[in-house]
Amino acid sequence: DAKTTQPTSMDCAEGRAANLPCNHSTISGNEYVYWYRQIHSQGPQYIIHGLKNNETNEMASLIITEDRKSSTLILPHATLRDTAVYYCIVRVRDAGKSTFGDGTTLTVKP
Amino acid sequence: GAVVSQHPSWVICKSGTSVKIECRSLDFQATTMFWYRQFPKQSLMLMATSNEGSKATYEQGVEKDKFLINHASLTLSTLTVTSAHPEDSSFYICSARDLEGTGGDEQYFGPGTRLTVT
Numbered sequence: 001d002a003k004t005t006q007p008t009s010m011d012c013a014e015g016r017a018a019n020l021p022c023n024h025s026t027i028s029g030n031e032y033v034y035w036y037r038q039i040h041s042q043g044p045q046y047i048i049h050g051l052k053n054n055e056t057n058e059m060a061s062l063i064i065t066e067d068r069k070s071s072t073l074i075l076p077h078a079t080l081r082d083t084a085v086y087y088c089i090v091r092v093r094d095a096g097k098s099t100f101g102d103g104t105t106l107t108v109k110p
Numbered sequence: 111g112a113v114v115s116q117h118p119s120w121v122i123c124k125s126g127t128s129v130k131i132e133c134r135s136l137d138f139q140a141t142t143m144f145w146y147r148q149f150p151k152q153s154l155m156l157m158a159t160s161n162e163g164s165k166a167t168y169e170q171g172v173e174k175d176k177f178l179i180n181h182a183s184l185t186l187s188t189l190t191v192t193s194a195h196p197e198d199s200s201f202y203i204c205s206a207r208d209l210e211g212t213g214g215d216e217q218y219f220g221p222g223t224r225l226t227v228t
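Respectively, the protein sequence lines represent chains Y and Z.
Okay, so the first sequence: first residue is 1 according to our numbering, each after it adds one.
Okay, so the second sequence: first residue is 111 according to our numbering, each after it adds one.
It is worth saying that the hints were derived from the structure and are not from the lab.
All values reported here derive from a predicted model rather than from experimental measurement.
C-beta atoms are modelled at their ideal positions from N, C-alpha and C, and glycine is treated no differently.
Cβ-Cβ distance ranges computed for the label pairs, FRET-style:
1. His195(Z) - Ser9(Y): 27 to 35 Å
2. Gln152(Z) - Arg16(Y): 26 to 34 Å
3. Lys109(Y) - Gln139(Z): 39 to 47 Å
4. Thr190(Z) - Asp11(Y): 40 to 48 Å
5. Arg16(Y) - Gln170(Z): 40 to 48 Å
6. Met59(Y) - Leu136(Z): 16 to 24 Å
7. Asp137(Z) - Glu58(Y): 14 to 22 Å
8. Gln170(Z) - Asp94(Y): 20 to 28 Å
Each computed DMTMM-like pair below joins lysine to aspartate or glutamate, with the alpha-carbon atoms no more than 25 Å apart:
9. Lys97(Y) - Asp175(Z)
10. Lys165(Z) - Glu132(Z)
11. Lys151(Z) - Asp102(Y)
12. Lys97(Y) - Glu162(Z)
13. Lys151(Z) - Glu197(Z)
14. Lys3(Y) - Glu169(Z)
15. Lys151(Z) - Asp82(Y)
16. Lys97(Y) - Glu173(Z)
17. Lys97(Y) - Glu132(Z)
18. Lys97(Y) - Asp137(Z)
19. Lys151(Z) - Asp11(Y)
20. Lys97(Y) - Glu169(Z)
21. Lys124(Z) - Glu173(Z)
22. Lys97(Y) - Asp198(Z)
Required output: the full structure, derived from the provided sequences and hints.
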């Protein structure tokens with residue numbers, strides 16, 4: 001699986017958009033970008049994934065650059081409950097297992 | 111979405127005893143499950159891949175005789191920590207692979223089990 005690089009921590013004001021970047025410059029053509037988050041002392045929660053097109057669901061939007069070497073997860077209106085560690089993972093679709101990096105600790109402040 | 115449960119959610123045991131942790135896929139069949147371990151302020155580390163009806167595949171550095179994995183059915187995998195010691199205290203998380211869901215091949219995580227060995 002390709003290695004990812006994320007900032008260690010970020011702050012965001014409640015109600016504002018949170019933009020979490022991820023670099024994956026060695027991503028292969030068949031690898032997807034997945035985002036999970038982990039709230040303290042809980043299991044990871046799936047957020048969104050994509051291959052090359054931008055994706056949006058009820059939780060977030062995923063913007064992938066045209067060269068696929070980086071992506072940004074966007075939480076459009078962050079709430080205090082969005083405070084968590086966010087993990088960006090790249091893997092092939094049928095690999096199953098996920099390799100977790102250190103992630104980004106997002107703190108949403110009132 | 112698909113739900114994965116773990117039992118127990120937390121357990122305290124004495125050094126030298128064995129502890130079994132269960133991972134269940136509640137609304138889908140999972141031929142493959144994964145076990146992760148997470149120490150405080152660290153990321154998840156994959157321990158092993160559990161395949162229904164066959165032996166588990168362990169990651170490098172994980173003792174297979176200490177961490178026994180059994181995946182006897184399509185909805186249940188168990189992790190047994192044998193002869194537990196304080197250094198085994200950790201947060202153990204399982205995930206299950208759903209090949210038949212609407213999203214295709216997806217991985218869903220359990221809530222985790224906090225093990226404390228005294």
